[in-house]
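Full structure from sequences and hints, please.
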Amino acid sequence: MEPSQAVAPDLFDAIADPTVLLPLVMANAMSPRLWRMGRRMAASADPLEHARRLVDTSFTHMQPERMAELDGYIDLGAERRRLGADVVDGAIADIDAGWDARRKRGLLHPDDSLQEVMAAGRFPAYAYANVDVINAARRAPGGPGQRPRGLTSCLDEAALFGALLMLTPEVTGRLDGIALLASSLHYTVFGWTGEGAWWFWSKRDLFTQEAFAIRTATAHGGDPGDAIDAVMSAPIRRVVSRRGSLDTGAGTCSLPADELRRTLAAVEGFFGVLPPGLDVPVDGLRFTPPSPHDALFARAVECTSAEDVQRVVRDAHAADGPEAGAAGEALLAFRSLEVADLMPYLQAARRSPGLRLAAGRALGGTEPRSPEDALKIAAGPAAGPALGDSSRLALPHEALARGSCSPAERGLLLHVLLEQVGEAPVRTVIMDSDAITRMGDLAVRASDGSRVDPAAVGTDGPALAHATGA
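Mapping of the sequence shown onto numbering that gives the first Met the number 0: position 452 corresponds to residue 451, and the numbering continues sequentially without gaps.
I should point out that these hints are in silico values taken from the structure, not numbers from a laboratory.
Wrong hints could be hidden among the right ones.
Have a look at the derived ranges for each label pair, beta carbon to beta carbon [what the hints assert, rightly or not]:
#, residue 1, residue 2, range
1, D293, P109, 17 to 25 Å
2, A41, S390, 24 to 32 Å
3, R203, E422, 44 to 52 Å
Bear in mind that the values here come from a model prediction, so they are computed numbers and not experimental data.
We put the beta carbon where it would ideally sit given N, CA and C, even for glycine.
Next up, the structure:
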C-alpha cells in the first residue's frame, strides 16, 4: 500500500488495497483505550458476544448522510485519477446495484439521495481510523448514561471487533481462522474453530451457524443466498486475513492457496452455499507473496497490554526486512510521530475533504481565503494533544473537531491551510515539543502563534519533516 493510505484510508483505498485493514487493526490493539474497553472480556462467559456488545454500546453507526454532514464528500474524479477508474467505477457500480436492492427490500429512507450524489460525481467521505481518533474527532451525544459515543462505519466496527479479539487468548487460542468478508457496501468478520463458526455482520448481530440457519428459515424462505444478499447487498469481492487478501475483481490473492481453500470451505460450510462473488476458480488466480503483517500479528496476540503491542511494533520497525514495513504502516495508522518520514501525514491531510468543512465552521461559515484566515483558524483550538498523546498526530480536520492541538498538530493544521490560500511553498518542521511553519517570509511557531525568523525553517527537504535544534 502507499504509506498515506495507512494513515486514513477512505472507502476507495480499502477497495484498491484490502490490506489497509491490517495496520488499522494493529493500531487499535496498540491503544490503551481499547485495552480498557476490553478488560473484562476474558472473564466473560461469552467473549465473542462481549466484544460485539462493546462495539455496539460504545459506538454509533453512521449513515451516508451523517458522514457527508460530518466530513463532506469525496470527489470521484480525483479518486479515479489517484486510484484508477477501474477501482472507483467498479465500486460505484456495485454500490448503485446494491442500493437498488436495498430499496426494493424497504431498507432505505424514502428521501435517501446517495445515488443522486454518486451520479453528480461525489461520495460521502467515509474514512477509517483507529479507536482514539474515533473517540477524539467523531463524537455524538446519546450513549449509555448520555456519554458521547464514537461515530463509526462498518469497516471501523470490523477493525474494532477484530482488535478486541486479539486481546483475548481464550478466543484467539481456539481459532482455526478469522477473515474479513467484504463487499463494496459492507464489511463483516467471519471466524471458525473446530467446534463451529460465527459471523459478525454488524455491531448489532453476531450469528452462530445455528442462528444463521434459523434466520434463513424464518426470514428468507430457507434461501441462504437471499439471507447473505440482505446483509451484503453486493457480491463479496474481498477476503482479508492477517496473511493477506483475496481480491476477486482483480483476480489476485496473497493468501497461500491452501489457506484460501480452507477459508472458502469454512465459509461454504457455515452458509450452506458459497456466497456470490466468492465462486472463483482458485487455480485461475494470480498469487502474490503473503502479507508481512502475519508475523507481527503472531507476536501481538501474545501480548498482555497495549504497551506490549506497541513495543512489538516498534521493535519490528527498527529491524530490517519486510516486517519493518508492516510495522511502519501500523505506526502510521496509530498516528505515531516515531516514523522517519512524516510526509504520509501531510498527503493524507491534503486529501481530506473534512478540513474544508471544519475550516468553514471555524470562520463562521466562510472559507479561508488568506494567510490571516489560516492563522485565525489555526489559533482557535485549545492547547493539548487531540489524541491525548503529544507523540501522536491527529489530522487537521480531526484536531478541529476535537477542539485542541499539540504543537505538531497545530503546525500541520496551519501548513495545510496555508497551502490552500497561499501561493508560495509551505514547509513545517516538527521538534520534540514544538513546530514551526514557514511560507515565504511568514514563519509561525505553533506553541504560541508567534512570528519567528523564517531562517529557522530551511527551504530544502520534505514539506513536513522532523527537525533537530531548530
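Do the hints match the structure? See the list:
Take D293 and P109: their Cβ atoms lie about 46 Å apart, and the range 17 to 25 Å is violated. Separation of A41 from S390 is about 29 Å and conforms to the stated range, judged on CB atoms against 24 to 32 Å. The hint said 44 to 52 Å for the Cβ distance between R203 and E422, and at roughly 51 Å that hint holds.
Violated hint: 1 only; the structure is consistent with all others.
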